[in-house]
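> Chain by chain, the residues:
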Amino acid sequence: METIIQASYFIAAVIFILGLKQMSSPVTARRGILWAGAAMVLATLATFLAPEITGSDQALTNVSLIVIAIVIGGGYAWWSGKRVAMTDMPQMIAMYNGMGGGAAATIAAVELLKANTEASHDPTGTMTIADALGPDVAILGILGAIIGTVSFSGSIIAWAKLDGRLHRSKLLPAQHLINAVIAIATVGFAIAIYFSADLTTIVIFYSLALVLGIFITVPVGGADMPVIISLFNALTGLAVGFEGYVLGNAAMIIAGIVVGSAGSLLTHLMAVAMNRSVANVFFAGVGTDSGGSATAAEGEMKEIQAQDAGILMAFASQVIIIPGYGMAVAQAQHKIWELTQLLNDQGVSVKFAIHPVAGRMPGHMNVLLAEAGVPYDMIYDMEDINADFKNTTVALVIGANDVVNPSAKTDTSSPLYGMPILDAIESDNVIVIKRGRGTGFSGVENPLFFTDNTKMLFGDGQKAASELIQAVKELT
Amino acid sequence: MIEGLAALYIFMLAGFTGYEIITRVPVILHTPLMSGSNFVHGIVLVGAMFALGIAETTTQQIIGFIAVLLGAGNAVGGYVVTERMLEMFKSSKKEGSEG
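Here the protein sequences come in this chain order: A and B.
Just so you know, we're using our numbering here: the first sequence kicks off at 13 and counts up by one.
Just so you know, we're using our numbering here: the second sequence kicks off at 8 and counts up by one.
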């Protein structure tokens, strides 16, 4: 029996790696997740046969509880995952990730409680948790507990912020100092757990770690959320790997550490795309600090009507569409695709330019455009398309702002300074579809909107796109 | 059981594997891949089943129950969301159906 179980875990670990590999190419990606899903089912079913579980004193109760928990937890996740809109995907990933972190932390809690009970029954009364578990298991278990708990509460905050349930970015004065104190205190209690066997210490430790996760995530600016979610994803992976060691489960170690390292690299790539270090993301929320804002933009925004914008685009040689989170909010991707097809019929070449951090996650826009039916070979990355803007008649910016803000290149006092941007400003005309005159997500003024060749088309993204479609249709 | 040095080797090799997988990914797949890796650490469900399966006291059972609840949420939610995203990727050039 043991052999069957171990073989199942081994197969699952191999398929996870192959599955992730397949997910790294658009052609095989779908197959990758199906395989990985099958591997997960295999590992889960095999676990039901484990002698540790079937041979336990309370086997019947525990197995029933396991089934009930899987049905409730899995059922809820299935239901919520099926009905969530594509635009809300990032926060759902944050939430499921938080659940994983929480699971790792609670596994550690069970192990620590068991060790605590064992130590308290020790006749000499000197036994510590480290003695009960062994030093290696105790250290990794406690580390996994910190990381998992922080990832849990942090991810929940990230979810709440992205879902528009939480708008605060300041809780307390001198937040970073307080965070540092809490972090040190958490580590202090972690060490105390190792050298003692005391229930109160464990409870305080978990409470501190929970608060720490909340406090470090609240000040993070909304534009930096992708980096944070990716970081928490990597952290959860690490916590899972550590708890895998505690349980002596190789599948957990491999899957967890693979995700931990892949996620760390992904986090780094994202931060680089925004020209920020990961530390910077945590310690300076863009737009949240009021002091020294960038030079106020000069001039006036010039409005354009959909009719004129449509004519401009219909007779263009090339149009580049730059989508941003605003397009996602307005659910305008289907209308934009319809507009693209109409323009193609007119002989206009249309391309999509995607900034690495457009939307709330890297690739977020690609997912939305794919949903609308835009083939992925019409979609270009920043490096591939930036040189093309000067051959472009119209750059259509829909719901994007910071990613086309030229002050990132020119204004050293701007908080965005140094971030690579899409050079929409280089094209002959820029049309910006925007809800209102306000600043973008980062709260930074955008000089692009005030230049002579930029025209503003105010209104909801979907409505504006419909009007453009109407305008182009009338010409045919 | 895996312990000591053997575990250290596993940690190291798994670390390199994860790094290798990500370095060759086009930007358009970053979100699905993040979601996919989010699903893969849903293997924590297996650990949670052990935690609850070997629970002895009511407190341990309650915490273990929460662990399985959360772990199942991670695994199932991660799968559903990733699958929905990847389902939508298609090319304009019809290149024989993949599946």
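What the hints contain is simulated information worked out from the structure, not anything from laboratory work.
Certain hints may be false.
In silico DMTMM-like links for lysine to aspartate or glutamate, alpha-carbon gap of 20 Å or less [said to hold, decoys possible]:
#, chain 1, residue 1, chain 2, residue 2
1, A, Lys-33, B, Glu-63
2, A, Lys-182, B, Glu-90
3, A, Lys-126, B, Glu-27
4, A, Lys-94, B, Glu-27
5, A, Lys-485, A, Asp-320
6, A, Lys-182, B, Glu-94
7, A, Lys-94, B, Glu-63
8, A, Lys-126, A, Asp-100
9, A, Lys-421, A, Glu-395
> Give a verdict on every hint.
These are the hints, each one checked on the structure:
1. A/Lys-33 x B/Glu-63: Violated, because 40 Å separates the two Cα atoms, which is more than 20 Å.
2. A/Lys-182 x B/Glu-90: Violated: A/Lys-182 and B/Glu-90 sit about 36 Å apart, past 20 Å.
3. A/Lys-126 x B/Glu-27: violated (38 Å)
4. A/Lys-94 x B/Glu-27: violated (31 Å)
5. A/Lys-485 x A/Asp-320: holds (13 Å)
6. A/Lys-182 x B/Glu-94: violated (39 Å)
7. A/Lys-94 x B/Glu-63: Not satisfied, since the Cα-Cα distance of roughly 36 Å exceeds 20 Å.
8. A/Lys-126 x A/Asp-100: violated (40 Å)
9. A/Lys-421 x A/Glu-395: holds (15 Å)
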